[in-house]
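Each protein sequence line maps, in turn, to chains A and B. Quick note, this note's numbering runs 1 ahead of the 1-based positions in the first sequence. Quick note, this note's numbering runs 1 ahead of the 1-based positions in the second sequence.
Derived by calculation from the structure, the hints in this document are not laboratory data. All of these numbers come straight from a predicted model, not from anything done at the bench. Please note: incorrect hints may appear among the correct ones.
For chains that are exact copies, the list does not tell them apart, and a pair is met inside one copy or across any two.
With a cut-off of at most 30 Å between alpha-carbon atoms, the simulated DSS-like pairs for lysine-lysine come out as follows [claimed, not checked]: (1) 132 with 86; (2) 142 with 132; (3) 287 with 86; (4) 86 with 328; (5) 86 with 234; (6) 287 with 260; (7) 142 with 234; (8) 328 with 234; (9) 132 with 234; (10) 305 with 132; (11) 31 with 328.
Number of protein chains: 2
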Amino acid sequence: MLKFKLLIGALALTGASVAAAVEWRPLPTKAPEPADNPSTPAKVELGKMLYHDVRLSANGVLSCNSCHNVMLGGEDNRGGSIGVKDQRGGRSAPTVWNAAFNSVQFWDGRAPSLEAQAKGPVTNPIEMGMKNWEEVIARLKAIPGYAQAFAAAFGSPDAITPDNVAKAIAAYERTLITPNSPYDRYVAGDKSALTEQQVRGMNTFAEVGCIGCHSGPAFNGPTLPEGTGFFQKFPTYQDAALEGQYGFTTDLGRFEVTKNDADKHLFKVPTLRNVALTSPYFHNGKVRRLEDAVKIMAKLQLNKELTPAQTSDIVAFLNALTGEFPKIEMPRLPAYSDNSFPYE
Amino acid sequence: MLKFKLLIGALALTGASVAAAVEWRPLPTKAPEPADNPSTPAKVELGKMLYHDVRLSANGVLSCNSCHNVMLGGEDNRGGSIGVKDQRGGRSAPTVWNAAFNSVQFWDGRAPSLEAQAKGPVTNPIEMGMKNWEEVIARLKAIPGYAQAFAAAFGSPDAITPDNVAKAIAAYERTLITPNSPYDRYVAGDKSALTEQQVRGMNTFAEVGCIGCHSGPAFNGPTLPEGTGFFQKFPTYQDAALEGQYGFTTDLGRFEVTKNDADKHLFKVPTLRNVALTSPYFHNGKVRRLEDAVKIMAKLQLNKELTPAQTSDIVAFLNALTGEFPKIEMPRLPAYSDNSFPYE
């Protein structure tokens, strides 16, 4: 709905009037929860334990947090993440911060929910490398403290199942929200929260058309029912020099999931929240500098050459999307019973 | 002093009278600090950031916490830790919990202080794998938020030096203390804090002679000036079957540092605090079960065969050395300036 309004606006209006027509919205402080997975403190605590537990990886070195680091910008600041046995993943890990506001997960949208996403990396052979979920569950069952934690979260010590692991992790991830950025404070009425340059950048962001896709409170598109997905073709416009430098089209994107030609090079529109912390950029993580990413996006998605002033204004605005990170206490991870170790 | 008292006691007394003669001491709630590194909240906070920052490893995957995991028993529950490029270390990582009460660090005591220890793994090629400390410092200087954190801790943004990195990490480690175990509450006067079996085990622990070396509040030997070191030969007695099974004598221990024949097979006496959480056991991490470790220690160090009842009583007592873990808030790690990434 918002998207259509904005697109119509972009046709009819120009310049500052576009920006004025935008319904700028702050980030909600609470994420939507699916009906079958209401959050509870016990479930969030269990999810935090699982998210940070390296024993969910084959070699006991990597946790969810290894690639989606909540002490940083919610990812690992690299092009391809490093999985078990020093293997390298093919896409740049998306941030976990505010992922609860994505209507689909993964760059290709192959997971319709946080719950579905959480089940992926654990058994991916080049990520956490567990053989299968039976192996994961067997490990968790060998750790007596997890029986208690699952009982507290799901009502029974027998509740150690793949679905419940995923539900608990998703419940934790729904707490990973970064409200009160300078942008949020500005749209809430504090006109001193943004610098003049950031306000100019905000208007430019709307005027040149970035907001056509990066709309809504998380700047990741319109608010859609979970699982719907908001995809765009990238690149939309071709540029031989940029392609030669960055190789964006090597990855067929959503086509790899659907095998539908119309889905070639379609990617989920990622959130721009905390984008200043999540370099390198794009699905392949080939672009280090935010200003380069902004120029490339204008060129490849809007067929526009930004002026240096426009670029630096937009970058200044994007820096205003860095929010407040909640304080998180480290989980205590329960010990193995001493004859059940899965690795040397 | 305590050590000599205990040894003399063991010669003159038998049975319960030995246990009664022991000066059982609770764990201090504060660790000693060297004169040149007084702890401050800003230094501890900086140390926590550095301790948990994967960017101190060559490939950006490992932090101090990877092998010395404070969410677990302060180590990684494996025989040899996994370093960069999936390399395997030669000794089992000691726990960081209460390491502030060790008078030397590493199994071979090659570091006289927490500060000296902290400088080791970062540039060890099979651990964190940084080329040298110049490279570490260059990385930290490329992260603007660290200039602020070092200024807060050491009074100047120019204070990003190897010595100060080590001092900050050591200051954080001095907060990693686990007081108020059932044992501590028992010796403080709460006679209900231990079970009858644990009290029996405590007496047996003294009577059979474990406490000859595992003495003092951290059960790692007498309180000595930092850097002095309390070493014992392991194994003291030979057993071909155990040697064949576990290969304890492959590692020459402190000899590797001093090249002094008298130091062959000498190892630092490790703390027994939280020992129930730090399987597998011994310098080579070859023994998984605590009850096996207890039997092996009695055999190889005291030339005694424990009865099954003695073994299980001692194990019950050792479980009473699991303390209370302080709540630790995750650090916020500052972002790279976006054109200074050291890895892809």
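So, going through the hints one by one against the coordinates:
1. Taking the closest pair of Cα atoms, residue 132 and residue 86 come within 30 Å of each other both inside a single copy (14 Å) and across two copies (21 Å).
2. Taking the shortest Cα distances, residue 142 and residue 132 sit within 30 Å of each other inside one copy (16 Å), while across copies they are farther apart (41 Å).
3. In this homomeric assembly, residue 287 and residue 86 come within 30 Å of each other (Cα to Cα) both inside a single copy, at 23 Å, and across copies, at 22 Å.
4. With identical chains, the CA atoms of residue 86 and residue 328 are never at most 30 Å apart, being 32 Å at best within one copy and 32 Å at best between copies.
5. For a Cα distance limit of 30 Å, the shortest separation of residue 86 from residue 234 qualifies neither inside one copy, at 33 Å, nor across copies, at 36 Å.
6. Taking CA atoms no more than 30 Å apart as the test, residue 287 paired with residue 260 passes inside one copy only; the shortest distance there is 25 Å, against 50 Å between copies.
7. When the C-alpha separation of residue 142 and residue 234 is checked against a cutoff of 30 Å, the pair qualifies neither within a copy, at 44 Å, nor between copies, at 38 Å.
8. Taking CA atoms no more than 30 Å apart as the test, residue 328 paired with residue 234 passes in neither setting, with 37 Å inside one copy and 46 Å between copies.
9. Proximity of residue 132 and residue 234 under a CA criterion of 30 Å is satisfied in neither setting, with 34 Å inside one chain copy and 42 Å between copies.
10. Proximity of residue 305 and residue 132 under a CA criterion of 30 Å is satisfied in neither setting, with 47 Å inside one chain copy and 44 Å between copies.
11. Proximity of residue 31 and residue 328 under a CA criterion of 30 Å is satisfied in both settings, with 15 Å inside one chain copy and 25 Å between copies.
Of the numbered hints stated above, those contradicted by the structure are hints 4, 5, 7, 8, 9 and 10, listed in ascending order.
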